[in-house]
Each structure stands twice: as structure tokens, then as C-alpha cells.
Amino acid sequence: MSETILKATNVSKIYGQHKALDKVSIEIKRGMIYGLIGENGAGKSTFMRMVMGLIKIDEGNIELFGETGSRGLQQARRKMGQSIETPALYPELTARENLQVQAANGGVSNREIDDLLRLMNLSHTGKKKTKNFSLGMRQRLAIASTLITNPELLILDEPINGLDPSGIVEMREIIQRLVTERGITVLLSSHILDELSQIATHYGILHNGKIINELSKEELARETRQYIELETTEVQKTVVVLDELGIKDYVVVNSSEINIFEKLDDVAAINRTLVLAGVNISRIGTTRQKLEDYFLQLTGGNTHA
Amino acid sequence: MLNLLTAERIKLLRSKKLWIVISILILLPIYQVVNSKISVNYGSDLVQAKDTVINGATGILMMEKNGFTILFVICAFISFFIGEEFQNGTIRNALSLGRSRTHYYLSKLVTASLLSLVGVIIMTILGVIGFSVVFGFGEVAGITNYLSYATKTFGTLYLLILANVSIYVMIGFLTKNIGISLVWSFLYTIMTAFVPPVFLQTEHFKHVTFWFTETFLNYSDFASPVDIARFPEMVLVSIITIMLSLGLGILFFNRTDIK
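So the protein sequences, as listed, match chains A and B. If you're matching positions, the first sequence starts at 0 in numbering that gives the first Met the number 0 and goes up one per residue. If you're matching positions, the second sequence starts at 0 in numbering that gives the first Met the number 0 and goes up one per residue.
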């Protein structure tokens, strides 16, 4: 079984009367890309700050790399890198100088700087100060900065926020490369489920400070997969015909609706067979529950995700 | 701690703030030498009790002569130096690597103290050289062992400045914001310069006047035997101020949430 890298148990954070996090429990194992999804203000950044020791935990406890005590956690955090909220950089310094500062903070040599600049496609920036960088470049430099200490767990808060489509694709590729080439475990957050779905292996859905659902990539795919939606007044008769067609993966939703999860390209043929068999079909077509709809359904639909 | 100091050195050497502070502390003695020369040329006499620095020997008192300017320049520097770490979010980079908050606080204090030391050394050397060139090295009235006097005076004056540096660092960490830190640091500097002497007018609180380092910095004549005799008291008040501000600053910083 994979090693547990991060385990949060019933973690809460209270600001005055407001519970920013309410008994959140999350377990991240080595090799996972764990996507934390939630609307703005759901508590994603608060959770990440807690993990990094930037804010105090009011209830519950956090275990990092098997360590729990304050000294142990402090040691464990040296194996971690973070970019929480906006890229935290020195605007008056160049990309190289920013990395030199972080290398000094981490007590590591400057040897990897050239490789990281190349990896993040920032080698060409030379003497350009980071205040003159585009948001995408700053995001990439912030990630490079987190990598200088060779972390085993990377925490990225909204890494695609504000990026243009090409920037989003680039960021996704970078994260995937880090996981495959460097074996880094990643905890990343976003309020766009669709974006996370293209990269994460596991998901935690955070709503009003609570984890309301945790699922794997496969489970999410199952929950949101494409299917043929069929409406009929004769469900029994339809089921017989579907069996004759060799269709096994279907669900009778109610007395008038059946969802078919296979032969998605054969809608016309299925329709023809059913009609020829005398089944009264009122509607048939392929449909897909969008990820955002799924998210809204989970969160009660009254939030903007 | 050494790693954090290395990071501070990289940031500082590439920062405009350092060069602005050093430039001010270089230009100030040069301007004052020229200004004193012009005054003398127009028939004024330099008087030690009023002008503080009148020749090369009294150049050691450049910190006394420019006490207010030095404090304002340093408090502005510290407000930016600490405030921008919070405002840029870069403080997270060091702290999330498991660095101790106490070490982080101390690294900022040590860096600010060293910069102040370098600044006042440059200013004093330029003051001694500049006034020596124009007015001759001369002497400090009543001082027989100049080297010992100069060392003690410089050390005491620097400690008085250092006490304020420690307060500014504490304010920087408490406010976590450049603008608010600037306002509170300026207010502290002005208030502790002008309010403590008010206690002198009262019967029961006279002694409170000398609980503040700025009282000594602004109202003492470091060339007068009476005030030279108070050097140990000045050192004590400075050390107590540093210890108190350091303790409070670290205590609050360790409890604060980093956004």
C-alpha cells in the first residue's frame, strides 16, 4: 500500500463566529494528484495554509510524512513546496535571483537553478525583473521556486487562475511532467472542476468548509459519463428489446426513463429496433452530465463554481 | 538562521532600498560639512553645544547630530523591508519550508541592525574625515583619551539607535503592512522624542523621561562630562528596550496567522 504523505483528521479553523473549515479529513497517498474543489471562500486556501503551518489549527490534527508533533511537522515541511494564492515573488528581482533566494531559504545549493529555468521555459528571461513578467510566467516561476528544494509534496493553490487557454494547457503539462518525471505528489485546488478533471487522480469537494464528497478519477468519470437517455411509456418492453440487442450496461431510472451506457454511437440503430419492436419512444438521445452540473448538484446548486 | 541571513543578503544587495539608505547617509555628512563651512565663511562660529560637530574629533558625534534623520530613514527602510514580505506573500516561502518563526524574526532584526551599523559607520567616518579636512581634527574639550571616548560614545549612540531599530522591527511584524508600519513607526519616533520631556514637568513621573532611548539621543550632549557619566544608564535603557521589543515581537509573530 502507498505511503500516506498527508493525513488531516477533523481539522477545523474558526474566525470569530465563522467556521472556515469544519472537521475536514483528507488522506493523500504518495503519487496522487489530489484536486481540492470548491467555490471561492469554501476553505481551500485555509486548508492549504494550515498544512503549511502558516495558520494555527483550532481543532483536529495534521500528519505529514508520518510526523505529528510540532517539531516533526516542521521537519516534514522541508519536504514540501507551496504556491498558495498569488505567486509569491520578489518583483524587483530576476527569475534567477528569486530562485537563489528560495535556495538560500531552503539551505540548498544553486545547482538546479538552470535546470528549473529550462523546465519552466524561463531561461530566456535574463535580467528581466519579475514585476514585468506575465501572470503565466510568474506562475511558472512560483512553481520553479517551490521545486528548488526537491519537494516530495507540492501544494498548488489555483495554479491556473487567471491564465489564458494556452497558459492553462502549459500549466497542466508542467504538473503532469512533475508527477511522472520527478515522482512528486500534488495537492492542488481549483474552483473549476472541468480543469481539475483533466489532471487530478483523486478529488475532494469542499463546500462551506466541509468535505462533502471524496472520489477517485474513475468514480468521477462514472458519475459524469456520457449515456443514452431514453424516455418511454413501456419500460418492460424496452428492457426486453435492449437484452435482445445484447446491451447490458443500462439503468432503469424510473417508470419512464432508462439510461444506457454503451453503444453510444448506435443511437439511431437502437431507436429503429425499438420502433420496429412496437415500443413507444417519446425521446432518445445522448447526453452527458457536465462536471460543473455535477458539482452544482453536490453543493446544492446555489453556488457559483 | 544562517540560511535565512544568506537569503536576506541576496534580497538586500539587489534592492534599491539599501542603496537609497546608504546614499542618504553618505550625502548627509558631506552636506553638513559644506553647510558648516558656508556658515563659518559668513562669519558664524561653530559651537559644540549647539552644532554638536565642529571638527574632526567631534565627528564621532554624527549620530547625535543626525539622530532624527537616521531614525526616520531606518524606520522607513524597515517598514518596507518587513511589510513587503507580508504584502508580496514571500514570507510564506521561508516559513512553509519549516523555518522557525523566531529565526525568521531574528534574521530580519540582525539584517536591519547590520544595515544600520554600516550606515552609521559610513556616516561617522565621512563626518570625521570631512570636518577634519575643512576644520582640522582638533579635539573634544576635556577628553584626554580620545580613542576610548570615541569607542564608548559610538557604541552608546549605536545602542540607542539599535533600540529603536528593534522597536521598528516589532512594529513591522505586528502591522504586517508597509503603510501602517510607516505611520506607527513615525508616530513612535515623534512621540518618544517629544512626550517624555513632558514628564520632567511633573513631580512624581520625572524618572519616566529617561525610560526612553530617544530622550538620551535628543536631549544629551555626548561631549559633556555630565552626560558621558550617564552612558551606563543609556546602555541599560537600550538593552531593556531591545529585550522587551524582541520578546513581544517574537511572541506575537509566533501567534499570528500568515495570510
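Don't read these hints as lab results, they were simulated from the structure. Treat the hints with caution; some may be incorrect.
As the list claims (entries may be wrong) - From the derived model, a few chain A residues whose C-beta atoms are all more than 10 Å from chain B: (1) R76; (2) Y89; (3) S165; (4) T179; (5) T223; (6) Y226; (7) G245; (8) S281; (9) Y293.
As the list claims (entries may be wrong) - Reference listing, derived: stretches of chain B covered by chain A, where coverage requires no fewer than 3 residues with Cβ under 8 Å from a Cβ of chain A: (10) 13-26; (11) 78-89; (12) 94-102.
Stated by the list, open to error - Cβ pair distances, simulated, as ranges: (13) B:I179 - A:I191: 31 to 37 Å; (14) B:L11 - A:E84: 43 to 49 Å; (15) A:P90 - B:S223: 46 to 52 Å; (16) B:T101 - A:Q16: 40 to 46 Å; (17) B:V109 - A:I13: 34 to 40 Å; (18) A:Q16 - B:V197: 48 to 54 Å; (19) A:T85 - B:L1: 46 to 52 Å; (20) B:L186 - A:V107: 39 to 45 Å; (21) A:P90 - B:T150: 40 to 46 Å; (22) B:T101 - A:D114: 32 to 38 Å; (23) A:D57 - B:L186: 29 to 35 Å; (24) B:I25 - A:I13: 48 to 54 Å; (25) A:Q74 - B:F136: 37 to 43 Å.
Since the model is a prediction, treat every value here as computed from it, not as a measurement. We put the CB at the ideal spot given by N, CA and C, even for glycine.
Hint-by-hint comparison with the structure:
1. Look at A:R76: its CB is around 4 Å from the nearest CB on chain B, not clear of 10 Å, so calling it non-interface is violated.
2. Some Cβ of chain B comes within 10 Å of the Cβ of A:Y89; the nearest lies about 6 Å off, and the non-interface call is violated.
3. Separation of A:S165 from chain B is adequate, the least Cβ-Cβ distance of about 25 Å exceeding the 10 Å criterion.
4. No beta-carbon of chain B is positioned within 10 Å of the beta-carbon of A:T179; the least distance is around 25 Å.
5. The Cβ of A:T223 sits about 34 Å from the closest Cβ of chain B, beyond the 10 Å cut-off, so the non-interface label holds.
6. No beta-carbon of chain B is positioned within 10 Å of the beta-carbon of A:Y226; the least distance is around 44 Å.
7. Under the 10 Å C-beta cut-off, the non-interface status given to A:G245 relative to chain B holds; the minimum distance is some 56 Å.
8. A cut-off of 10 Å between C-beta atoms confirms that A:S281 is not in contact with chain B; the least separation is 56 Å.
9. The beta carbon of A:Y293 is kept farther than 10 Å from every beta carbon of chain B, the shortest such distance being approximately 32 Å.
10. With a threshold of 8 Å between beta carbons, the proposed coverage of the segment 13-26 of chain B by chain A holds, since 3 of its residues qualify and at least three are required.
11. Here the segment 78-89 of chain B counts 3 residues with a CB under 8 Å from a CB of chain A, which clears the bar of 3, and the coverage holds.
12. Figure legend: the segment 94-102 of chain B, annotated as covered by chain A; annotation consistent (6 residues with Cβ-Cβ distances under 8 Å, at least 3 required).
13. With their beta carbons about 35 Å apart, B:I179 and A:I191 fall inside the hinted range of 31 to 37 Å.
14. Taking the beta carbon of each, B:L11 and A:E84 are about 26 Å apart, not inside 43 to 49 Å as hinted.
15. The hint said 46 to 52 Å for the Cβ distance between A:P90 and B:S223, and at roughly 48 Å that hint holds.
16. The supplied range of 40 to 46 Å is broken by B:T101 and A:Q16, whose beta-carbon atoms lie about 32 Å from each other.
17. Hint check: B:V109 to A:I13, Cβ distance near 36 Å, so the stated range 34 to 40 Å holds.
18. As the Cβ distance of A:Q16 to B:V197 is approximately 43 Å, the hint placing it in 48 to 54 Å is violated.
19. A:T85 and B:L1 have their C-beta atoms about 29 Å apart, which leaves the hinted 46 to 52 Å range violated.
20. Evaluation of the 39 to 45 Å hint for B:L186 and A:V107 yields a pass: the beta carbon distance comes to about 41 Å.
21. For the pair A:P90 and B:T150, the beta carbons lie near 42 Å from each other, so the given range of 40 to 46 Å is met.
22. Evaluation of the 32 to 38 Å hint for B:T101 and A:D114 yields a pass: the beta carbon distance comes to about 33 Å.
23. Roughly 34 Å separates the CB atoms of A:D57 and B:L186, a value that falls within the hinted 29 to 35 Å.
24. The hinted range of 48 to 54 Å is satisfied by B:I25 and A:I13, whose Cβ atoms lie roughly 52 Å apart.
25. Checked against the hint of 37 to 43 Å, the pair A:Q74 and B:F136 fails, with Cβ atoms roughly 57 Å apart.
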